[in-house]
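K.L.:
Protein chains in written order, with the numbering used here: chain L, 1 to 337; chain G, 1 to 259; chain S, 1 to 291.
Keep in mind that the hints were calculated from the coordinates and are not lab data. Treat the hints with care, as some may be off.
Pair by pair, the computed Cβ-Cβ distance ranges are [claimed, not checked]:
#1 157(S) - 155(G): 41 to 47 Å
#2 206(G) - 200(L): 26 to 32 Å
#3 206(G) - 85(S): 51 to 57 Å
Computed footprint of chain G on chain L; a stretch qualifies when at least three of its residues, placed anywhere within it, have a C-beta under 8 Å from a C-beta of chain G [claimed, not checked]:
#4 68-78
#5 174-183
#6 186-194
Quick caveat, the model's predicted, so the values are computed rather than measured. Each residue gets a CB set at the ideal place from its N, CA and C atoms; glycine is no exception.
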Amino acid sequence: MNSASGLWIANALVNFGVLATISVGLNISFGMAGILDLSYFFSVAIGAYFGGVLALGGTNAALDLNHILGLSLPWPIAILGGAVASGLLGLLVGLVALRRLRSDYLAIVLFAVWSIGYDIISNTPSLFNGITGLFNVPQPFGATSNPLTYPWVFLPIVAVVLGLLVLVAYALERSGFGRTVRSVRDDSDLAEAMGKAVMSVRIRSMVVGCAYAGVAGALTIFYVGAYNPSAWFIFETIAAFAAVLIGGRGNVFGALIGAFIINGIASGVQFIPTIAGRLDLTADFREALLALVLMLVLYIRPHGVFRERLGTRTRDETTADELSIESQPPLPIESVQ
Amino acid sequence: MNSVSEAPPILEVMGLSKAFGGVQAVHDCRFEITQRVTGIIGPNGAGKSTLIGLLSGTLLADAGRICFGGNEITRMAPHRRSQLGLTRTFQISRQFHTLSVLENLLVASPDADDRLIGAIVLRRQMKRRDRESVKRSLQVLEDVGLYAKRDDRAGELSGGQMRLLEIARAIIRQPKLVLFDEPTAGVNPVLIERVEEQLRNMAESGTTVLLVEHNLKVVERMCDSVIVVANGSVIAVGSMEEHRANDEVVKAYLGTGEA
Amino acid sequence: MIAFWHSLGFGLVTAGVLAVSSVGLTVQFGVINYANISYGQYMTLGAYFTWDLTNYAHLNIWIAGLLACIGVGLVSLFIGKAIFSQFVKRGSPGSHMLLVTFATALLLSAIYSVAWGPSPRQLDIHALNALHVGPFLFTAVQLYVIGLSAGLLIAMHLVLTRTRLGKAMRAMSDNMTLARLTGIPTGRVTDAVWLITGFLAGVGGVALAIEIASFDINLGLNFFFVVMAAVVVGGIGKPYGTMVGALLIGVSIEVSTNVIPAQYKLDVAFLILILILLWKPQGISRITGKV
Numbered sequence: 001m002n003s004a005s006g007l008w009i010a011n012a013l014v015n016f017g018v019l020a021t022i023s024v025g026l027n028i029s030f031g032m033a034g035i036l037d038l039s040y041f042f043s044v045a046i047g048a049y050f051g052g053v054l055a056l057g058g059t060n061a062a063l064d065l066n067h068i069l070g071l072s073l074p075w076p077i078a079i080l081g082g083a084v085a086s087g088l089l090g091l092l093v094g095l096v097a098l099r100r101l102r103s104d105y106l107a108i109v110l111f112a113v114w115s116i117g118y119d120i121i122s123n124t125p126s127l128f129n130g131i132t133g134l135f136n137v138p139q140p141f142g143a144t145s146n147p148l149t150y151p152w153v154f155l156p157i158v159a160v161v162l163g164l165l166v167l168v169a170y171a172l173e174r175s176g177f178g179r180t181v182r183s184v185r186d187d188s189d190l191a192e193a194m195g196k197a198v199m200s201v202r203i204r205s206m207v208v209g210c211a212y213a214g215v216a217g218a219l220t221i222f223y224v225g226a227y228n229p230s231a232w233f234i235f236e237t238i239a240a241f242a243a244v245l246i247g248g249r250g251n252v253f254g255a256l257i258g259a260f261i262i263n264g265i266a267s268g269v270q271f272i273p274t275i276a277g278r279l280d281l282t283a284d285f286r287e288a289l290l291a292l293v294l295m296l297v298l299y300i301r302p303h304g305v306f307r308e309r310l311g312t313r314t315r316d317e318t319t320a321d322e323l324s325i326e327s328q329p330p331l332p333i334e335s336v337q
Numbered sequence: 001m002n003s004v005s006e007a008p009p010i011l012e013v014m015g016l017s018k019a020f021g022g023v024q025a026v027h028d029c030r031f032e033i034t035q036r037v038t039g040i041i042g043p044n045g046a047g048k049s050t051l052i053g054l055l056s057g058t059l060l061a062d063a064g065r066i067c068f069g070g071n072e073i074t075r076m077a078p079h080r081r082s083q084l085g086l087t088r089t090f091q092i093s094r095q096f097h098t099l100s101v102l103e104n105l106l107v108a109s110p111d112a113d114d115r116l117i118g119a120i121v122l123r124r125q126m127k128r129r130d131r132e133s134v135k136r137s138l139q140v141l142e143d144v145g146l147y148a149k150r151d152d153r154a155g156e157l158s159g160g161q162m163r164l165l166e167i168a169r170a171i172i173r174q175p176k177l178v179l180f181d182e183p184t185a186g187v188n189p190v191l192i193e194r195v196e197e198q199l200r201n202m203a204e205s206g207t208t209v210l211l212v213e214h215n216l217k218v219v220e221r222m223c224d225s226v227i228v229v230a231n232g233s234v235i236a237v238g239s240m241e242e243h244r245a246n247d248e249v250v251k252a253y254l255g256t257g258e259a
Numbered sequence: 001m002i003a004f005w006h007s008l009g010f011g012l013v014t015a016g017v018l019a020v021s022s023v024g025l026t027v028q029f030g031v032i033n034y035a036n037i038s039y040g041q042y043m044t045l046g047a048y049f050t051w052d053l054t055n056y057a058h059l060n061i062w063i064a065g066l067l068a069c070i071g072v073g074l075v076s077l078f079i080g081k082a083i084f085s086q087f088v089k090r091g092s093p094g095s096h097m098l099l100v101t102f103a104t105a106l107l108l109s110a111i112y113s114v115a116w117g118p119s120p121r122q123l124d125i126h127a128l129n130a131l132h133v134g135p136f137l138f139t140a141v142q143l144y145v146i147g148l149s150a151g152l153l154i155a156m157h158l159v160l161t162r163t164r165l166g167k168a169m170r171a172m173s174d175n176m177t178l179a180r181l182t183g184i185p186t187g188r189v190t191d192a193v194w195l196i197t198g199f200l201a202g203v204g205g206v207a208l209a210i211e212i213a214s215f216d217i218n219l220g221l222n223f224f225f226v227v228m229a230a231v232v233v234g235g236i237g238k239p240y241g242t243m244v245g246a247l248l249i250g251v252s253i254e255v256s257t258n259v260i261p262a263q264y265k266l267d268v269a270f271l272i273l274i275l276i277l278l279w280k281p282q283g284i285s286r287i288t289g290k291v
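Isolated chain L (complex conformation) (with noise of 0.2 Å):
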């Protein structure tokens, strides 16, 4: 394997591992909580702004890089101020979009929102240096490292990163908190006459998913040491919601198959031979791509490929004996109503 392709996979595995952080905290909020977040990927760009006017010195004008904060912190530091940034943005839009849960009102709020920051953030430069945004962000081990095999450094980072969310992620998914988001977005009513605090509960599912996209986006402007408002992330959202769809909503190995496949989707189009004279059709062949690939996935197998793992299972020997249970004979299959 020579070097150039052995960087390709190298950038290719560094792609995949902000997609899987992405896609594991989008099935947190979206998968377990059936929170339709549809401004996702404005918690990304301020994972990235925020990690990186962390990791910035101060405002440098012979540059023309203008921003807030600039407190030169080293970059695990850095990269745990984008989350918490993102994860205090998920709270904000959470304690105003959320009473009404409603799809259609929760998606127009939440892009509300998004374009509301993103005007605010490309017209006022002083903030993240408006439309030309960050750059020359401090890499992580950049000084000492090639450029040109920087992909290599960077993935280590990212494994180690990812693996800890993977982590948390799986824990929550076997606890008590999530069985209960899982019976808020099943049930928010019965939830409620059970005791618990429906709001409450969405409200921190919505901060952790977006804590998750705060850490993807951070990942990011480290990775490229760069970061400006693209116009539109409904490729990104898609992809997001396609990857947590195609692994099976509410699955933390779920929600990494997808990501791998939407990954290897978005990554395997650049090998379309380009026609002469339309240059730009691998992008919008990209798009047709990925808007197809969910509508296939919603229209095949809407629950995904794995199915929402039960959190909690019984070792039947050891708790039978436990209880000295003798097995009651199964209730008679009667009709229903």
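Starting from the known structure of chain L, arrange chains G and S on it as the hints suggest.
P.N.:
The following block gives chains G and S in isolation, referenced to the frame of chain L:
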């Protein structure tokens, strides 16, 4: 218990009123619950569902007061009332359909731990508590007859099994008062016996049972006292025998052929 | 002060464009019961079809616009039947439908990009003479837009109140189960809804393209959420509330430029949306008392 003074009523409703868009569904409703098992009956449209909504907290009263176990709960949110020990079931069985039968109970269990941070950093402690919770839940499932279905998703149960799950969830909450909303509706006669058995067990273990029912035979078999609601107010309190002799009650039910 | 009146005039124009587009969306929304995020893309299509017809077929803009919007209605019908209803038949929940329409919007984006490319275009009207109407300052074309919008809204009102189709649409919007039970041919009515609301979207797109002078394939995408804001403010499925919402938002957007930098124009719409949702989640229809 002191034989001279009675224990204070666990539930007191005073002057409760609620209107929907011009229709007065509940009007100056008042009653007390002091017995172990009390029934609430009344013809369709009497306001029973509204009353249940007001008691459980899904509806907020326009006027009046509700006191539960000495606490004023009139404007309290539903989940807080539930945490105080007032549990309800639903007329059409509801369940957490993607969760297993066991998980349905774990969620309902009063020691369910929802903490987010705790879930991440206190894993060993949580696992221990979970085991206790699982043991308790399995026992309840066994008592109710759903043990074999414990790992099945609740959405896959039959109608009668869902009804039993409702009851199991109520049992595990160890509530002070449970409001059963038509627990025998749509349940076949064989199962009605089992439902009654469970309700009796709950009452015997100290829970006050409030039973809203259409099936008057069940009410007669089970209830120490029966409240009759019509046109949004309480029109009579007593035994079924008394009610049958009561002209007003009979008139309220006239035409429904239920009495 | 003059600036205020001029901005108010602009506000009326924007309100007109918004009203036509949002009435289409709210009627559609009320009947199908999910949000069609690709609605904005229909608006884009109206503008581009019109442009193609005026430039390649050299048609007069009114005829071109009419044909174009009929075309959009047909596309809307096609997408509604060939794509959306397939998912509805499968019993997809609301959140899935939202994602499906979102994906369709993306698909259309890609198609537009291939078909028409990224460079901006203009719709030439040749009616840019300025006219003073009271304290307002309009161009002739802006007056056309206001007039056209008013006309279409009145037409829509007549359809909704005087025709069997309109009554059926309202019935389905209020209570689908009851509508089915009373024998309303819901399939055919839905087809008609796709056609009519697609047409309205097309008109909205053309009017918008004319108003903002130059447009590209993101025209509808950008404006869609403002349309959605008007729908939510007015009340989903409530055409009269939506008209009021459109007026409120359209005027606010333009008048706000007197105090806020113009780049934040559209955000004013979102701010209003958020405030209304916090205060009255059902929309303002309850206040106006109209259905």
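K.L.:
Does the structure break any of the earlier hints, and which numbers would those be?
P.N.:
4
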